[in-house]
Every structure is written in C-alpha cells, then in structure tokens.
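Engineer: Protein chains in written order, with this note's numbering: chain R, 1 to 136; chain S, 1 to 208.
It is possible that part of the hints are untrue.
Said to hold, decoys possible - Which chain S residues stay away from chain R? Per the calculated CB distances, all over 10 Å, these: (1) A14; (2) N18; (3) F103; (4) H128.
Said to hold, decoys possible - Here are the simulated distance ranges between beta carbons: (5) S:P57 with R:L26: 33 to 41 Å; (6) R:E20 with S:D126: 43 to 51 Å; (7) R:E45 with S:D102: 25 to 33 Å; (8) R:E45 with S:E12: 35 to 43 Å; (9) R:F9 with S:A54: 34 to 42 Å; (10) S:K101 with R:L26: 46 to 54 Å.
As the list claims (entries may be wrong) - Selected chain S positions facing chain R (in silico; Cβ < 10 Å): (11) G15; (12) S58; (13) T83; (14) E153.
If you are wondering where the hints come from, they were derived from the structure by calculation, not from laboratory data.
Note that the coordinates shown come from a computational prediction; the quantities given were computed from them, not determined experimentally.
Glycine residues also receive a C-beta, built at the ideal position from the N, C-alpha and C atoms.
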Amino acid sequence: MEIDASNIFDKLNAAVSLLERMAASLEQREALMSGDVQKIVAAVEQGAEVSQRELELERKLAAAEQLIAELRAQGSTAAQSVRKTLPATTTQLLAKGGITSLESIEAGALDAALTGLSLEQRIAVKAQLIRAGAIA
Amino acid sequence: MRLEALAVILPEVAGHPNRVSFEGVLTLVDEPSSRPPSGARGHRVILTRPAAVAALPSLLGMAVDYTPSWDGHDARRKCGIITQADVAGNRIEVSGYLFGKDFPEVEEQVRGSGPGTMGMSYELSDAHVEDMNAAVWSLTRATFTGAAILLREKAAYRDTSFRLAAKRCRTKGLAANATQGEKPAERPRRMYGRSNWQMETGKDARWR
Numbered sequence: 001m002e003i004d005a006s007n008i009f010d011k012l013n014a015a016v017s018l019l020e021r022m023a024a025s026l027e028q029r030e031a032l033m034s035g036d037v038q039k040i041v042a043a044v045e046q047g048a049e050v051s052q053r054e055l056e057l058e059r060k061l062a063a064a065e066q067l068i069a070e071l072r073a074q075g076s077t078a079a080q081s082v083r084k085t086l087p088a089t090t091t092q093l094l095a096k097g098g099i100t101s102l103e104s105i106e107a108g109a110l111d112a113a114l115t116g117l118s119l120e121q122r123i124a125v126k127a128q129l130i131r132a133g134a135i136a
Numbered sequence: 001m002r003l004e005a006l007a008v009i010l011p012e013v014a015g016h017p018n019r020v021s022f023e024g025v026l027t028l029v030d031e032p033s034s035r036p037p038s039g040a041r042g043h044r045v046i047l048t049r050p051a052a053v054a055a056l057p058s059l060l061g062m063a064v065d066y067t068p069s070w071d072g073h074d075a076r077r078k079c080g081i082i083t084q085a086d087v088a089g090n091r092i093e094v095s096g097y098l099f100g101k102d103f104p105e106v107e108e109q110v111r112g113s114g115p116g117t118m119g120m121s122y123e124l125s126d127a128h129v130e131d132m133n134a135a136v137w138s139l140t141r142a143t144f145t146g147a148a149i150l151l152r153e154k155a156a157y158r159d160t161s162f163r164l165a166a167k168r169c170r171t172k173g174l175a176a177n178a179t180q181g182e183k184p185a186e187r188p189r190r191m192y193g194r195s196n197w198q199m200e201t202g203k204d205a206r207w208r
C-alpha cells in the first residue's frame with residue numbers, strides 16, 4: 001500500500017513539473033506572438049562582440065577586394081592601351097579586308113581579310129591581334 | 001527641422017561641487033542599430049520616431065550608469081541623471097549632470113578619453129516589436145528606464161556620443177566644450193515666469 005502511495009506521489013510530481021514547463025513555454029510563446037519584450041539594452045552582449053581577429057580579417061578582406069577591383073580596372077585600361085599599339089600596317093591590312101574595329105572581330109571575317117597572305121604572314125597577324133587582345 | 005524637446009528644470013546652483021554637466025547622443029531613431037542590442041535575441045532594432053517621441057517623458061529623471069570596464073549597464077552604479085531630452089533630426093540628444101564628486105572615476109574616464117571614444121546606451125522596458133519574425137525588429141512602443149555611459153564601440157549604435165561640460169555648472173560651458181567643427185546640441189530654453197521642477201513639451205519654437 002505504501003509503495004502505491006509513493007508511486008502515485010511521484011507521478012503527480014512529474015505531472016506538476018510537466019504542467020509548469022508547459023505553462024512557461026506557453027507564456028513565452030504568447031509573448032513572442034504579442035511582440036512584447038520585457039527589456040532591451042542598447043549595449044552589445046558580452047560574447048556577441050566581434051573579436052579582434054574577426055575585425056582584422058574583415059579589414060584584410062576589404063583591402064583584398066579593393067586591390068582586386070583596382071587590378072581589374074588596371075587590366076581593362078591596359079588591354080585598351082595595348083589595342084592602340086597594333087602596328088599601322090596590320091591595321092591597314094585589316095581595313096582593306098573590311099575590318100575597321102578591333103572591338104569584335106568575327107573569325108570568318110578575319111580569315112577572309114587575310115586570304116591573300118601566306119601562312120606565316122597570317123600567323124604573324126593573328127599573333128599580333130592576340131597580343132593586342134583583339135582576339136582570344 | 002522638427003525638434004521634440006522635454007526638460008526637467010532644476011534650480012541652478014552655481015559651482016555645485018557634485019554636478020558636472022554632460023550631453024550626448026543616446027541613440028538614433030528610425031535607423032537600425034549597428035549591432036544587435038542585448039535582449040533583442042540577435043536582431044538589430046529600429047526605434048521608430050513615434051515610439052521615441054512617446055517615450056521621451058520616461059527618459060527624464062532617469063539615471064545614467066556605468067560599469068568599471070565601460071562596456072555595459074550596471075543599474076546599481078547610477079552616477080548621474082538625465083534632465084533634458086530632444087529628438088533632433090534622427091538623434092535623441094540628452095543632457096544632464098553627473099555626480100562628479102561621488103564618482104570622480106567617471107569624470108576622469110570621460111575627460112581622459114579621446115574625442116569620440118565614449119558613447120551611450122539606452123535601457124528600454126515594456127517594448128513592443130511590430131514583427132518578431134522580421135530580421136530587424138521595429139520598436140513601436142517602449143519605456144526608457146535608464147542609460148549607460150560606455151565605450152562607443154560597445155554600444156549597439158555606433159553613432160552615439162558622450163561628453164562633459166568644461167565647468168561644473170548646469171547650463172553653461174557645453175557650447176564652449178564643443179569640439180571644433182561640431183555644432184553643440186540645441187537645447188530647450190528655460191521658460192521664465194513659470195515655476196521650477198516643471199516639465200514642458202513641444203516644438204523648439206515654444207521654448208524661444
């Protein structure tokens with residue numbers, strides 16, 4: 001009989017604990033639904049701060065990104081300036097073949113323009129165009 | 001520019017040994033915090049202008065506190081009091097005085113630190129968040145329960161500030177203490193003919 005009473009008491013205790021947890025959970029959920037916040041302090045929480053190491057990495061990343069952007073800009077400028085250095089004879093040759101702009105040369109048009117040249121000359125012109133960045 | 005201002009007017013006591021005037025920018029309105037404040041469950045927050053204006057009266061008479069490491073709030077270390085608060089532009093500007101004689105270490109820290117080193121942080125209670133699921137919480141209602149003086153880098157809002165007056169006088173010296181190129185905060189003017197210890201609200205024009 002004593003064992004039964006103790007057993008029942010334990011079960012009741014467990015049930016009460018469960019109910020208490022449920023009540024706390026419901027209160028928390030209700031607060032979340034209502035949008036009410038008991039306290040907010042406009043100081044950064046301890047442990048949530050960005051560490052010095054992270055700050056340093058952020059700075060390095062920003063510097064690297066800036067460097068990449070600068071190099072890209074330089075590369076673009078360099079490519080444009082190289083194109084301007086294409087030999088005049090080559091430019092004239094291409095112009096005779098109907099190619100006046102180096103911005104977009106079609107393979108077929110280039111081959112047609114170089115038809116009268118020997119194989120070595122065609123290779124030389126194409127090499128110049130590659131160096132100038134006009135063709136890949 | 002619209003300016004909401006409130007002040008508790010205390011009797012002036014020339015050369016009061018325990019009053020050191022201060023002014024600062026407590027927080028920004030309608031702008032998200034730079035980092036999540038404590039208690040916001042990792043969300044950055046926006047204190048909306050209507051909420052800030054409505055909460056302004058609760059700010060007056062509240063204490064400023066500090067921690068020895070200047071990194072947060074300690075409500076048991078109240079070292080001063082806020083007597084004026086303005087919403088000017090997107091800034092809540094406050095002024096008041098520190099208990100300089102009781103807390104010499106606070107005065108020493110603030111005077112000894114470089115310009116822009118010290119900032120402020122508010123403490124809010126009973127805040128209402130418009131949408132708890134939003135990435136940035138928008139506060140539509142709140143009550144100010146205090147403020148802290150701390151290192152600006154420890155504040156959730158990076159653009160706060162705190163500075164002391166040059167002299168131990170309630171109303172003088174703040175303009176003189178303004179750093180070069182920095183305009184001192186406008187403040188409500190005393191309404192002569194009215195009793196002290198009163199509180200008035202309204203636009204800037206009402207105080208002129």
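Engineer: None of the hints should be skipped; say for each whether it holds.
Structural biologist: Verification of the supplied hints:
1. In this structure S:A14 is separated from chain R by more than 10 Å, as the shortest Cβ-Cβ distance comes to about 35 Å.
2. The beta carbon of S:N18 is kept farther than 10 Å from every beta carbon of chain R, the shortest such distance being approximately 26 Å.
3. At roughly 19 Å, the least C-beta separation between S:F103 and chain R is larger than 10 Å, which holds for a residue marked as non-interface.
4. For S:H128, the non-interface assignment is contradicted: its Cβ lies about 5 Å from the closest Cβ of chain R, within the 10 Å cut-off.
5. The supplied range of 33 to 41 Å is met by S:P57 and R:L26, whose beta-carbon atoms lie about 34 Å from each other.
6. Separation of R:E20 from S:D126 is about 25 Å and departs from the stated range, judged on CB atoms against 43 to 51 Å.
7. Evaluation of the 25 to 33 Å hint for R:E45 and S:D102 yields a pass: the beta carbon distance comes to about 29 Å.
8. Checking the proposed 35 to 43 Å range against R:E45 and S:E12 shows it holds: the Cβ atoms sit about 40 Å from each other.
9. Between R:F9 and S:A54 the beta carbons are some 53 Å apart, a value that contradicts the proposed interval 34 to 42 Å.
10. Distance hint for S:K101 and R:L26: a CB-CB separation of about 51 Å, consistent with the stated range 46 to 54 Å.
11. Among the interface hints, the one on S:G15 is violated; its C-beta lies about 34 Å from the nearest C-beta in chain R, farther than the 10 Å criterion.
12. Contact between S:S58 and chain R, as hinted, is not supported at the beta carbon level, the nearest pair being about 14 Å apart and thus beyond 10 Å.
13. Hint status for S:T83 relative to chain R: violated, with the closest Cβ pair at about 20 Å, above 10 Å.
14. Evaluation of the S:E153 hint against chain R yields a held restraint, the C-beta minimum of about 8 Å falling below 10 Å.
Consistency with the previously given hints fails for numbers 4, 6, 9, 11, 12, 13, ordered from lowest to highest.
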